[in-house]
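These protein sequences, in sequence, are chains Z and F. Counting along the first sequence from 1, when you hit position 32 you're at 32 in our numbering, and nothing is skipped either side. Counting along the second sequence from 1, when you hit position 5 you're at 5 in our numbering, and nothing is skipped either side.
I should point out that these hints are in silico values taken from the structure, not numbers from a laboratory. Among the clues, some could well be false.
Cut-off 25 angstroms, straight-line C-alpha distance, at most; resulting in silico cross-link-like pairs (DSS-like, lysine-lysine) [claimed, not checked]:
#, chain 1, residue 1, chain 2, residue 2
1, F, LYS57, F, LYS69
2, F, LYS59, F, LYS97
3, F, LYS36, Z, LYS38
4, F, LYS59, F, LYS36
5, Z, LYS44, F, LYS97
6, F, LYS36, F, LYS57
7, F, LYS59, Z, LYS44
8, F, LYS57, F, LYS70
9, Z, LYS38, F, LYS59
10, F, LYS70, Z, LYS44
11, F, LYS102, Z, LYS38
12, Z, LYS44, F, LYS57
13, F, LYS69, Z, LYS52
14, F, LYS36, Z, LYS52
15, F, LYS69, F, LYS102
16, F, LYS36, F, LYS102
Where chain F lies over chain Z, by a calculated footprint (3+ residues, C-beta under 8 angstroms) [claimed, not checked]:
#, stretch
17, 39 to 46
18, 61 to 71
Example chain Z residues on the side facing chain F (calculated, C-beta under 8 angstroms, incomplete) [said to hold, decoys possible]:
#, residue
19, ASN28
20, VAL31
21, TYR50
22, LEU90
23, SER94
24, ALA96
25, THR102
Being a predicted model, the structure only gives us computed values, none of them experimental. Ideal placement from N, C-alpha and C gives every residue a C-beta, glycine not left out.
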Amino acid sequence: DAMVIQNPRYQVTQFGKPVTLSCSQTLNHNVMYWYQQKSSQAPKLLFHYYDKDFNNEADTPDNFQSRRPNTSFCFLDIRSPGLGDAAMYLCATSRAGAQSDTQYFGPGTRLTVL
Amino acid sequence: GQQVMQIPQYQHVQEGEDFTTYCNSSTTLSNIQWYKQRPGGHPVFLIQLVKSGEVKKQKRLTFQFGEAKKNSSLHITATQTTDVGTYFCARGGSNYKLTFGKGTLLTVNP
């Protein structure tokens, strides 16, 4: 089945130790998104790619970076995780046939920072 | 991005009771999407509304888009324990982005 896959599902890192989260999709969608979701809150968009074009949200800290080497894969790099970065990180994709197409979410990676 | 206000924040019902969550905007919406997130899960798309006054149904779920396209609602008839989760509305915007409401957490007492 076509889907959005995130690895790992759970990630534990130490304060200040870089971590990379990965997302892959078999939907062949143009747009890939990274969201941060904290407990009892809505998903907060960090950035998204339209094909290779990177779109950063104005309030996304520089500590968060992303790479999209090809259509199928997208990575979230947290350069120096702080305790406040502990959250669920959700990857999503959309077809981009319209400006606001349905978004398909992966299962998420829950990040713990010790 | 422009906000969408969603109420209530929490709703606890007895199984079999109805449930409604509301989404409001101060500006006209081009479209509104609804997502459901089960506890421990990820958001799953339910529906998109585009037309003024649109009403769509999915089994026990009824979705409405206001005539002025500034509000929307999701109504669940005769809730079941499987309806538990957080329901988010999300407004479509430019550049392929969605702006999510804060969500309504529904709990159902069996």
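Does the alpha-carbon distance linking LYS36(F) and LYS102(F) stay inside the 25 angstroms limit? holds, 12 angstroms
Would the hint linking LYS36(F) and LYS38(Z) be met if the CA-CA limit is 25 angstroms? holds, 16 angstroms
Is the shortest C-beta separation between THR102(Z) and chain F less than 8 angstroms? With a closest approach of 5 angstroms, the THR102(Z) hint holds.
Under the criterion that the straight-line Cα-Cα distance not exceed 25 angstroms, is the pair LYS70(F), LYS44(Z) satisfied? holds, 22 angstroms
Go through the hint on LEU90(Z) and say holds or violated, using the shortest Cβ distance to chain F against 8 angstroms. At 6 angstroms from the nearest chain F Cβ, LEU90(Z) passes the 8 angstroms test, so the hint holds.
Under the criterion of a CB-CB separation shorter than 8 angstroms, is TYR50(Z) in contact with chain F as hinted? It holds, given that the least Cβ distance between TYR50(Z) and chain F is near 6 angstroms, below 8 angstroms.
Does the alpha-carbon distance linking LYS59(F) and LYS97(F) stay inside the 25 angstroms limit? violated, 28 angstroms
Given the hinted pair LYS59(F) and LYS44(Z), is their Cα-Cα distance within 25 angstroms? violated, 30 angstroms
Given ALA96(Z) as an interface hint, is its Cβ closer than 8 angstroms to any Cβ of chain F? Hint holds; ALA96(Z) Cβ to chain F Cβ min 5 angstroms, cut 8 angstroms.
Straight-line Cα separation of LYS57(F) and LYS70(F) no greater than 25 angstroms? Holds, because 20 angstroms separates the two Cα atoms, which is no more than 25 angstroms.
For the pair supplied as a hint, LYS36(F) and LYS52(Z), is the alpha-carbon distance within the 25 angstroms limit? Status violated; Cα separation ~29 angstroms.
Tell me if the straight-line CA distance from LYS36(F) to LYS57(F) falls inside 25 angstroms. holds, 15 angstroms
Hints 2, 7, 9, 12, 13, 14, 18, 19 from the earlier list are contradicted by this structure; the remaining hints agree with it.
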